[in-house]
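There are 2 protein chains.
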Amino acid sequence: MTEAYKFIDADVHNEQDDSALLPYLSEPWRSRVQTTGIGYSGSGYYSPVGVMKRDSIPPNGGKAGSDPDFMIKQLVEGYNIEYAILTGVVYNISSTHDPDYAAVICSAYNDYLINEWLGKHPAFKGAMAVSTLDPLLAAKEIDRVGGHPDIVQVIISSAARAPLGQRMYHPIYEAAQRNGLPLAIHPGAEGGGSSTAPTAAGYPTRYIEWHTCLSQMFMAHLVNMVCEGVFVKFPGLKVVLTEGGVAWLAPLMWRLDKNYKALRSTVPWLKKLPSEYIRDHCYFTTQPIEEPANPQHLIDLFNMMDAENMILFSSDYPHWDFDSPHMILQKLKPEARRKIFHENAKQLYRL
Amino acid sequence: MTEAYKFIDADVHNEQDDSALLPYLSEPWRSRVQTTGIGYSGSGYYSPVGVMKRDSIPPNGGKAGSDPDFMIKQLVEGYNIEYAILTGVVYNISSTHDPDYAAVICSAYNDYLINEWLGKHPAFKGAMAVSTLDPLLAAKEIDRVGGHPDIVQVIISSAARAPLGQRMYHPIYEAAQRNGLPLAIHPGAEGGGSSTAPTAAGYPTRYIEWHTCLSQMFMAHLVNMVCEGVFVKFPGLKVVLTEGGVAWLAPLMWRLDKNYKALRSTVPWLKKLPSEYIRDHCYFTTQPIEEPANPQHLIDLFNMMDAENMILFSSDYPHWDFDSPHMILQKLKPEARRKIFHENAKQLYRL
Numbered sequence: 010m011t012e013a014y015k016f017i018d019a020d021v022h023n024e025q026d027d028s029a030l031l032p033y034l035s036e037p038w039r040s041r042v043q044t045t046g047i048g049y050s051g052s053g054y055y056s057p058v059g060v061m062k063r064d065s066i067p068p069n070g071g072k073a074g075s076d077p078d079f080m081i082k083q084l085v086e087g088y089n090i091e092y093a094i095l096t097g098v099v100y101n102i103s104s105t106h107d108p109d110y111a112a113v114i115c116s117a118y119n120d121y122l123i124n125e126w127l128g129k130h131p132a133f134k135g136a137m138a139v140s141t142l143d144p145l146l147a148a149k150e151i152d153r154v155g156g157h158p159d160i161v162q163v164i165i166s167s168a169a170r171a172p173l174g175q176r177m178y179h180p181i182y183e184a185a186q187r188n189g190l191p192l193a194i195h196p197g198a199e200g201g202g203s204s205t206a207p208t209a210a211g212y213p214t215r216y217i218e219w220h221t222c223l224s225q226m227f228m229a230h231l232v233n234m235v236c237e238g239v240f241v242k243f244p245g246l247k248v249v250l251t252e253g254g255v256a257w258l259a260p261l262m263w264r265l266d267k268n269y270k271a272l273r274s275t276v277p278w279l280k281k282l283p284s285e286y287i288r289d290h291c292y293f294t295t296q297p298i299e300e301p302a303n304p305q306h307l308i309d310l311f312n313m314m315d316a317e318n319m320i321l322f323s324s325d326y327p328h329w330d331f332d333s334p335h336m337i338l339q340k341l342k343p344e345a346r347r348k349i350f351h352e353n354a355k356q357l358y359r360l
Numbered sequence: 010m011t012e013a014y015k016f017i018d019a020d021v022h023n024e025q026d027d028s029a030l031l032p033y034l035s036e037p038w039r040s041r042v043q044t045t046g047i048g049y050s051g052s053g054y055y056s057p058v059g060v061m062k063r064d065s066i067p068p069n070g071g072k073a074g075s076d077p078d079f080m081i082k083q084l085v086e087g088y089n090i091e092y093a094i095l096t097g098v099v100y101n102i103s104s105t106h107d108p109d110y111a112a113v114i115c116s117a118y119n120d121y122l123i124n125e126w127l128g129k130h131p132a133f134k135g136a137m138a139v140s141t142l143d144p145l146l147a148a149k150e151i152d153r154v155g156g157h158p159d160i161v162q163v164i165i166s167s168a169a170r171a172p173l174g175q176r177m178y179h180p181i182y183e184a185a186q187r188n189g190l191p192l193a194i195h196p197g198a199e200g201g202g203s204s205t206a207p208t209a210a211g212y213p214t215r216y217i218e219w220h221t222c223l224s225q226m227f228m229a230h231l232v233n234m235v236c237e238g239v240f241v242k243f244p245g246l247k248v249v250l251t252e253g254g255v256a257w258l259a260p261l262m263w264r265l266d267k268n269y270k271a272l273r274s275t276v277p278w279l280k281k282l283p284s285e286y287i288r289d290h291c292y293f294t295t296q297p298i299e300e301p302a303n304p305q306h307l308i309d310l311f312n313m314m315d316a317e318n319m320i321l322f323s324s325d326y327p328h329w330d331f332d333s334p335h336m337i338l339q340k341l342k343p344e345a346r347r348k349i350f351h352e353n354a355k356q357l358y359r360l
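Residue numbers (our numbering), protein chains in the order written: chain A, 10 to 360; chain B, 10 to 360.
Because the hints were derived from the structure by calculation, they are not lab data. Given the structure is predicted, the values throughout are model-derived calculations rather than measurements. Careful: at least some of the hints might be erroneous.
One copy or two, it doesn't matter: identical chains are merged, so the pair holds either way.
[Said to hold, decoys possible] Heads up, simulated DMTMM-like pairs for lysine to aspartate or glutamate below, C-alpha to C-alpha not over 20 Å straight-line:
id, residue 1, residue 2
1, Lys340, Glu352
2, Lys340, Asp152
3, Lys82, Glu344
4, Lys270, Asp330
5, Lys340, Glu183
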């Protein structure tokens with residue numbers, strides 16, 4: 010398929026050795042990272058296929074995603090990407106325990122991102138990381154670096170202590186709105202450290218289950234954000250549910266709208282159907298896209314929820330389940346394809 | 010719509026005052042219930058529309074669902090029900106803490122069910138309750154009363170301490186298979202007592218969210234049961250996911266099958282796609298059915314997953330969100346309707 014436009018990739022993971030943040034850290038944090046590394050809380054689930062796309066190790070032998078020049082060559086030029094939203098991995102720090110430390114790591118990363126990535130290529134746009142452990146510190150950080158012209162998004166972890174509609178998190182949304190930045194929510198540390206169990210029923214046994222059930226985190230956050238009135242309180246806020254799946258959204262909206270009709274007295278601040286708030290405020294990235302045996306089924310489901318206006322293409326480069334823009338969603342009509350692979354992100358991120 | 014068959018209702022909640030179980034309890038349990046009631050762990054969420062259908066209070070003023078004669082008149086005769094699977098509410102005891110107490114309450118209820126309901130009308134068939142807190146005691150109870158001719162199902166709570174595929178629960182499945190009984194999983198106590206939080210992201214704020222997110226519990230249990238090989242180990246086992254929704258199943262199967270293709274090395278006991286185990290072993294009851302703005306969307310989604318062989322009609326009588334068999338799924342084709350409202354349950358329960 011040949012398009013008249015380049016792609017916009019809404020989820021590209023730049024990586025770095027922990028030591029890359031040292032120049033951006035002051036004591037006592039610098040010594041901590043120097044001696045014991047950043048110390049993320051792992052989820053405890055093992056992927057037998059690894060985490061990284063095998064061919065994404067840069068020529069210098071460093072981590073996949075750590076070499077801007079190689080990323081430009083392999084992803085940006087290799088797949089005709091006009092803009093790559095660099096999402097990093099540092100949002101995962103929210104599943105540790107010390108709110109000051111988590112905030113400091115995010116700040117160091119944001120400075121590193123601005124200094125060592127965002128100027129390297131016009132395609133690179135940045136998602137600044139904040140921790141949900143102290144929302145007031147997160148809001149301060151958004152005000153500190155959110156005005157940088159190449160920062161186009163705030164990113165937080167979907168692995169949290171509570172559903173993200175809870176009021177303690179609202180200062181983050183207020184700051185994102187104030188700075189005109191969409192807020193991305195990204196999985197990765199579900200079940201690790203201070204975060205909740207990765208499924209409603211608790212801890213499953215294996216990575217295949219953890220990965221399959223990741224969508225539950227997004228369902229729960231979304232329902233809670235809508236019902237707690239986040240989009241009423243912050244009418245300018247846009248939320249990007251990144252890497253959490255898409256197909257579950259239609260059944261969830263049906264169920265939530267039905268329940269709203271019976272139970273609306275408990276959420277009187279909502280002035281329209283829950284699904285209308287979702288349509289007006291939320292975006293969903295494609296990777297990892299659900300793949301029915303009959304690909305037309307996914308397109309049919311998209312059409313049921315008018316999904317073409319809510320979906321952003323993402324590759325998840327350089328992770329193992331990378332989706333090539335040439336391979337996925339081939340049955341989309343050209344107009345829907347143009348929106349999902351280019352136009353929606355262009356408008357959302359004001360590119 | 011006039012059918013040539015009567016309906017089979019797979020989820021009918023008979024209720025009783027706690028004191029109704031006293032004749033079936035020995036000491037010290039009898040005194041406990043007499044002085045402080047059964048003592049379920051409530052979920053802590055408040056329904057502004059109540060829990061019971063307003064017109065279901067029997068003439069004697071007792072609890073909705075507590076009078077067999079009134080249930081016969083209102084439900085069985087009123088809605089042309091050939092068989093009503095009596096599911097009770099006692100499965101909720103699993104979210105308390107003492108495994109001996111939970112087992113004793115289930116046994117008392119099962120005796121009460123057999124003595125005071127099952128002989129009252131040929132439509133009444135019983136789901137015997139067991140607690141998941143001690144699976145070996147549960148298996149003993151299944152062997153004790155599972156052979157009764159009017160007991161057609163074992164029922165457990167979806168609110169549990171862990172995903173229900175975990176090996177500690179397998180004695181329950183072995184006993185259900187040994188007794189030729191399907192196993193129903195039913196929600197109600199999610200987030201109460203010893204059970205996990207009601208969503209993957211933790212505790213939402215309100216009942217509308219709790220009710221909307223209930224499906225997550227079923228998704229997680231189902232994924233875990235399939236991946237832990239429950240249906241390989243117990244090839245005769247049938248599982249009925251009761252009152253957990255239906256529409257989410259298609260997207261979940263797509264996601265799980267896709268992940269299986271990449272990650273099957275970690276579940277080598279599976280010999281076919283996860284969705285094939287689900288199709289061969291699982292049933293889903295209709296109430297509360299998802300209701301898209303365009304009802305045809307639900308039928309289209311059903312067709313994508315060949316749902317007509319996996320779905321059982323249920324009313325959830327006498328609960329507030331009761332579904333009348335005359336009102337739901339009107340766009341089904343006659344053949345699918347016959348299966349869902351009659352044939353599937355007839356075969357499953359050997360009626």
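Item to check | Violated hints - listed by number, lowest first | outcome: Structure breaks hints 2, 3 and 5.
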